[in-house]
Amino acid sequence: MTIQLDDLHKSFGQKHVLRGFSLEVRDGETLTVLGPSGSGKSVMLKHIVGLLTPDRGQVLVDGQNVGELEMNDLYDLRRKVGYVFQLAALFDSLSVADNVGLGLHRVGGFREDQIRERVRECLHLVDLEGFEDRFPAELSGGQKKRAGLARAIATKPKYLLYDEPTTGLDPLTKAVIDQLILKMRQELGVTGLVITHDMESAYRVSDRIAMLYEGRRRFLGTPDEIRGTEDPVVRAFIEGDPQYLERRETTVEEAS
Amino acid sequence: MTTRLLAPFTWLGSHGLSMTQGLGNWGSLITDTVRALRHVDVWGRLLLPQLARIGVDSIPIALFIATFTGIVLALQASYTFTGAIPLYFVGVLVGKTMIMELGPVLTGLALAGRIGANVAAEIGSMKVTEQIDALETLAYPPNAYLVVPRVLAGVIMFPAVTILAIGMGITSGWVTSLQLLDMSTPQFVRGLTLFFFPFDVWFAIIKATSFGLVVTLVGCFYGFHTTGGAEGVGRSTTKAVVVSSMLILVLDAFWAVLLL
Ligand SMILES: Nc1ncnc2c1ncn2[C@@H]1O[C@H](COP(=O)(O)OP(=O)(O)OP(=O)(O)O)[C@@H](O)[C@H]1O
Ligand SMILES: [Mg+2]
Chain A
1 MTIQLDDLHK
11 SFGQKHVLRG
21 FSLEVRDGET
31 LTVLGPSGSG
41 KSVMLKHIVG
51 LLTPDRGQVL
61 VDGQNVGELE
71 MNDLYDLRRK
81 VGYVFQLAAL
91 FDSLSVADNV
101 GLGLHRVGGF
111 REDQIRERVR
121 ECLHLVDLEG
131 FEDRFPAELS
141 GGQKKRAGLA
151 RAIATKPKYL
161 LYDEPTTGLD
171 PLTKAVIDQL
181 ILKMRQELGV
191 TGLVITHDME
201 SAYRVSDRIA
211 MLYEGRRRFL
221 GTPDEIRGTE
231 DPVVRAFIEG
241 DPQYLERRET
251 TVEEAS
Chain B
257 MTTRLLAPFT
267 WLGSHGLSMT
277 QGLGNWGSLI
287 TDTVRALRHV
297 DVWGRLLLPQ
307 LARIGVDSIP
317 IALFIATFTG
327 IVLALQASYT
337 FTGAIPLYFV
347 GVLVGKTMIM
357 ELGPVLTGLA
367 LAGRIGANVA
377 AEIGSMKVTE
387 QIDALETLAY
397 PPNAYLVVPR
407 VLAGVIMFPA
417 VTILAIGMGI
427 TSGWVTSLQL
437 LDMSTPQFVR
447 GLTLFFFPFD
457 VWFAIIKATS
467 FGLVVTLVGC
477 FYGFHTTGGA
487 EGVGRSTTKA
497 VVVSSMLILV
507 LDAFWAVLLL
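Here the protein sequences line up with chains A and B, keeping their order.
Each residue of the first sequence is one higher than the last, beginning at 1 in our numbering.
Each residue of the second sequence is one higher than the last, beginning at 257 in our numbering.
Hints may contain errors.
Okay, the calculated beta carbon distance ranges per label pair [as the list claims (entries may be wrong)]:
{"hint": "1", "chain 1": "A", "residue 1": "Asp-231", "chain 2": "B", "residue 2": "Asn-281", "range": "39 to 47 angstroms"}
{"hint": "2", "chain 1": "B", "residue 1": "Asn-281", "chain 2": "A", "residue 2": "Lys-15", "range": "18 to 26 angstroms"}
{"hint": "3", "chain 1": "A", "residue 1": "Pro-36", "chain 2": "B", "residue 2": "Met-275", "range": "33 to 41 angstroms"}
{"hint": "4", "chain 1": "B", "residue 1": "Ala-263", "chain 2": "A", "residue 2": "Asp-133", "range": "44 to 52 angstroms"}
If you are wondering where the hints come from, they were derived from the structure by calculation, not from laboratory data.
Idealized CB from N, CA, C, for every residue including glycine.
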């Protein structure tokens, strides 16, 4: 019941995005990945459900090598994973209710009224009651994001991958979503991988926090450990203060 | 200097490569789509809306074009035949041309603009906004969800719309003959039936079916290979229309060579 990334390499043309990234998400934990914009966090997440295949290295989910699965096995695996896209990726042509219910149709075995009930329940969880009949074009950015989250949790997946679930939300809604992520883990035993830029959220929801930097894992530890770290790159990032990096550069210069 | 000399070869190399890649992409689109046919549970309930969109909604434009084509055909036939050939040959020309050539081809070209653009733009914008990735994560094979219903709808509805267009073209040719050419209905019908073979209709249906296949597949292909945001969607749309229009003309000649 784990997600394991081993020595992941991925390039797009000349751009070497992942350069040997490794990480293990343990059963039932919520792990957060931090990293500068453009460092490859979303790219990393897409490897887990086989939307991208690594140039080198492997991804194991439930012990299965995602890159080498047959199409049918890959789809079976995807049914166990919920994916919250960074920009929601709602289906334009479907209402919010149909967006959220689509995964349930695919899993099968539900009556229409059961699907409707589950959709209502998920929309309630993300604070979007009454939005069933709206279309994505009629939603604000934050509402889209929450609808995307509702879609990901509708099938009660064992794994949830959240790509910046709280970016662009107001502090209150952010807290609601953080609560939801915690609830997923505590009540449903979901194994979660969260990407975020928001340290407050990261501290709130994470069992462990990792940092992706220059294609590799720069840090891995508990929230307390990251608070106490001496690594200037990590410090600069969590404090939002580039001074740490400059200070290091001057010490390097002085040393040379 | 050497690079100059080698330039043609590098050009050939890179273009040869991209062409092989292109063919490979086409191959996988077609095999994936054929494989996706077995997911009836996925595409089954999506077929009806596509039949309406691709077929029913295209009827007005197809009939519009056919009406004017019928008028022009009747007038040009009578102008060409003046004195030399009996007037009822207007019916021959209107019927034969409408059924075998202009009905299928003009309808095909009009729908290449409408449907090809529509399909490429819709799938292309789904591609660039990660909606296709989202489909994948919900365990929907994109080919079953997007390609199969559109291609089936194209293959079913292009011939249907074409038959309607042919009927409309012949009707407007007939009315024109009555109103502007001093012909009688028996005269027109005599011409219409003189060289008519049932095969002509099959010929039209075969052509229209192949046009439906090509237009929807090309639209899906360029949609799926869209990159680069809204601008990319625009590019794909244009390419889909241009390529499917060209393929319609090539196929038109192909069927003529093969079957006539
Ligand atoms: N399909 C692709 N083709 C080419 N380049 C890509 C593709 N996907 C991502 N990249 C590149 O890979 C790098 C990492 O992108 P990614 O989306 O993973 O960043 P990120 O860490 O998620 O950033 P952000 O925090 O801004 O979302 C970027 O430089 C991006 O341009
Ligand atoms: Mg990202």
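Look at the Cβ atoms of B/Asn-281 and A/Lys-15 and judge whether their distance stays inside 18 to 26 angstroms.
Given about 22 angstroms between the Cβ atoms, the range holds.
Just to be sure I understand the hint, the distance between the Cβ atoms of A/Asp-231 and B/Asn-281 should be within 39 to 47 angstroms; is that true here?
holds, 44 angstroms
Holds or violated: the 44 to 52 angstroms window for the beta-carbon distance between B/Ala-263 and A/Asp-133?
With a Cβ separation near 60 angstroms, B/Ala-263 and A/Asp-133 fall outside 44 to 52 angstroms, so the hint is violated.
Between A/Pro-36 and B/Met-275, is the Cβ distance one that fits in 33 to 41 angstroms?
holds, 39 angstroms
Figure legend: structure checked against the earlier numbered hints; the only hint not met is number 4.
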